[in-house]
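Please build the complex by placing chain X on the supplied structure of chain C, with the hints as guidance.
For the protein sequence lines, the chains are C and X, in the order given. When we follow the numbering used here, the leftmost residue of the first sequence carries the number 41, and every step to the right adds one. When we follow the numbering used here, the leftmost residue of the second sequence carries the number 346, and every step to the right adds one.
Derived from the structure by calculation, the hints contain no laboratory data. Predicted model only: the values in this text are computed from it and were never measured. The beta-carbon is built from N, C-alpha and C at its ideal position, and this holds for glycine as well. Each hint should be verified, as a subset may be incorrect.
To be verified - Sample of chain C residues facing chain X (criterion: CB under 10 Å; computed from the structure):
1. Val44
2. Gly92
3. Arg95
4. Lys97
5. His113
6. Gly140
Said to hold, decoys possible - Taking CB as the label site, the calculated pair distances span:
7. X:Gly361 <-> C:Gly56: 33 to 43 Å
8. C:Val154 <-> X:Gly404: 38 to 48 Å
9. C:Arg103 <-> X:Gln359: 21 to 31 Å
10. X:Arg425 <-> C:Gly43: 19 to 29 Å
11. C:Glu94 <-> X:Arg386: 19 to 29 Å
12. X:Gly404 <-> C:Phe109: 16 to 26 Å
Said to hold, decoys possible - No more than 25 Å apart at the CA atoms, straight line, and that leaves these computed lysine to any residue pairs for SDA-like:
13. X:Lys444 <-> C:Ile52
14. X:Lys444 <-> C:Asp69
15. C:Lys97 <-> C:Gln137
16. X:Lys444 <-> C:Ala54
17. X:Lys444 <-> C:Gln57
18. C:Lys97 <-> X:Asn375
19. X:Lys444 <-> C:Gly56
20. X:Lys444 <-> C:Val154
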Amino acid sequence: DSGVTQTPKHLITATGQRVTLRCSPRSGDLSVYWYQQSLDQGLQFLIQYYNGEERAKGNILERFSAQQFPDLHSELNLSSLELGDSALYFCASSVGQVVGNTIYFGEGSWLTVV
Amino acid sequence: SQQGEEDPQALSIQEGENATMNCSYKTSINNLQWYRQNSGRGLVHLILIRSNEREKHSGRLRVTLDTSKKSSSLLITASRAADTASYFCATVTIQGAQKLVFGQGTRLTINP
Numbered sequence: 041d042s043g044v045t046q047t048p049k050h051l052i053t054a055t056g057q058r059v060t061l062r063c064s065p066r067s068g069d070l071s072v073y074w075y076q077q078s079l080d081q082g083l084q085f086l087i088q089y090y091n092g093e094e095r096a097k098g099n100i101l102e103r104f105s106a107q108q109f110p111d112l113h114s115e116l117n118l119s120s121l122e123l124g125d126s127a128l129y130f131c132a133s134s135v136g137q138v139v140g141n142t143i144y145f146g147e148g149s150w151l152t153v154v
Numbered sequence: 346s347q348q349g350e351e352d353p354q355a356l357s358i359q360e361g362e363n364a365t366m367n368c369s370y371k372t373s374i375n376n377l378q379w380y381r382q383n384s385g386r387g388l389v390h391l392i393l394i395r396s397n398e399r400e401k402h403s404g405r406l407r408v409t410l411d412t413s414k415k416s417s418s419l420l421i422t423a424s425r426a427a428d429t430a431s432y433f434c435a436t437v438t439i440q441g442a443q444k445l446v447f448g449q450g451t452r453l454t455i456n457p
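Bound-form chain C, shown alone:
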């Protein structure tokens, strides 16, 4: 158990809908990262927050947004869902910034868009 908690574990929704994925980082970790894993794109970095502020952005679509709250939990919002958004979404956390720190991953949220 990495200590990173993600909910829900599985989610099935229809195209055009909106979903929210939730992440609780390990106790004491200030950084939260979101990744998308799909068969064709592999593991794609989406976005990173550090202590509530956005620190790095990757291949995140405009239809997606995220935030980190004062209690350090994070949410990833996916809207206007398309079939191609079906993937495993990972949250990860680390004590500090990405450089030199071990990053711990949650078990992921399986999203299926039908």
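Just chain X now, kept in the frame of chain C:
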């Protein structure tokens, strides 16, 4: 875009043999990390090697880094069936916003 590329994409060996996986990357890095993922599960951090290090050991794992060739290798010695998983290298670049960027991974199968 992917920074690292693993080679081979898939590897199947007999239990007890050594498994070697390679990773190449494109830009200068601060560090390189190896992760393991069991099917459909989260990623588990295995080892981190910094750009000024050449080799690192952790149990049955040995990682090497050649920054002149922009490549790394992960060696698993005396493999076990439980080592069956996908292995990913990930790099942290030194330019721009620092992100951990993953390669496509090597699917390792250990046959009992």
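Against the structure, the hints come out as follows:
For C:Val44, the shortest C-beta to C-beta distance to chain X is roughly 8 Å, which falls under 10 Å, so the interface hint holds. Hint status for C:Gly92: violated, given a least beta-carbon distance of 17 Å to chain X, over 10 Å. A cut of 10 Å between beta carbons decides the hint on C:Arg95: the least distance to chain X is about 7 Å, and the hint holds. This hint holds: C:Lys97 has a C-beta 7 Å from the nearest C-beta of chain X, less than the 10 Å allowed.
For C:His113, the suggested interface contact is broken, since its CB lies about 17 Å from the closest CB of chain X, more than 10 Å. Taking 10 Å as the C-beta contact cut-off toward chain X, the hint placing C:Gly140 at the interface holds, the least distance being around 7 Å. At about 52 Å, the beta-carbon gap between X:Gly361 and C:Gly56 misses the expected band of 33 to 43 Å. C:Val154 and X:Gly404 have their C-beta atoms about 43 Å apart, which keeps the hinted 38 to 48 Å range intact.
For C:Arg103 and X:Gln359, the hinted distance range of 21 to 31 Å is not satisfied, since their beta carbons lie about 47 Å from each other. A hinted range of 19 to 29 Å holds for the C-beta pair X:Arg425 and C:Gly43, which are about 26 Å apart. Checked against the given bound of 19 to 29 Å, the beta carbons of C:Glu94 and X:Arg386, roughly 28 Å apart, stay inside it. The supplied range of 16 to 26 Å is broken by X:Gly404 and C:Phe109, whose beta-carbon atoms lie about 38 Å from each other.
Between X:Lys444 and C:Ile52 the CA atoms are separated by roughly 30 Å; this puts the pair beyond 25 Å, and the hint is violated. Proximity of X:Lys444 to C:Asp69 is assessed by CA-CA distance (about 17 Å); at most 25 Å being required, the pair is judged to hold. The straight-line distance between the Cα atoms of C:Lys97 and C:Gln137 is roughly 14 Å, inside the 25 Å bound, and the hint therefore holds. Restraint check for X:Lys444 and C:Ala54: the C-alpha separation of about 32 Å exceeds 25 Å, so the hint is violated.
Our distance criterion of 25 Å between C-alpha atoms is broken by X:Lys444 and C:Gln57, whose separation comes to about 30 Å. A C-alpha spacing of about 18 Å is found between C:Lys97 and X:Asn375, which places the hinted pair at or below 25 Å, so the restraint holds. A threshold of 25 Å between alpha carbons decides the hint, and for X:Lys444 with C:Gly56 the separation of about 30 Å lies outside it, so the pair is violated. As the CA atoms of X:Lys444 and C:Val154 are separated by approximately 32 Å, the hinted pair breaks the 25 Å bound.
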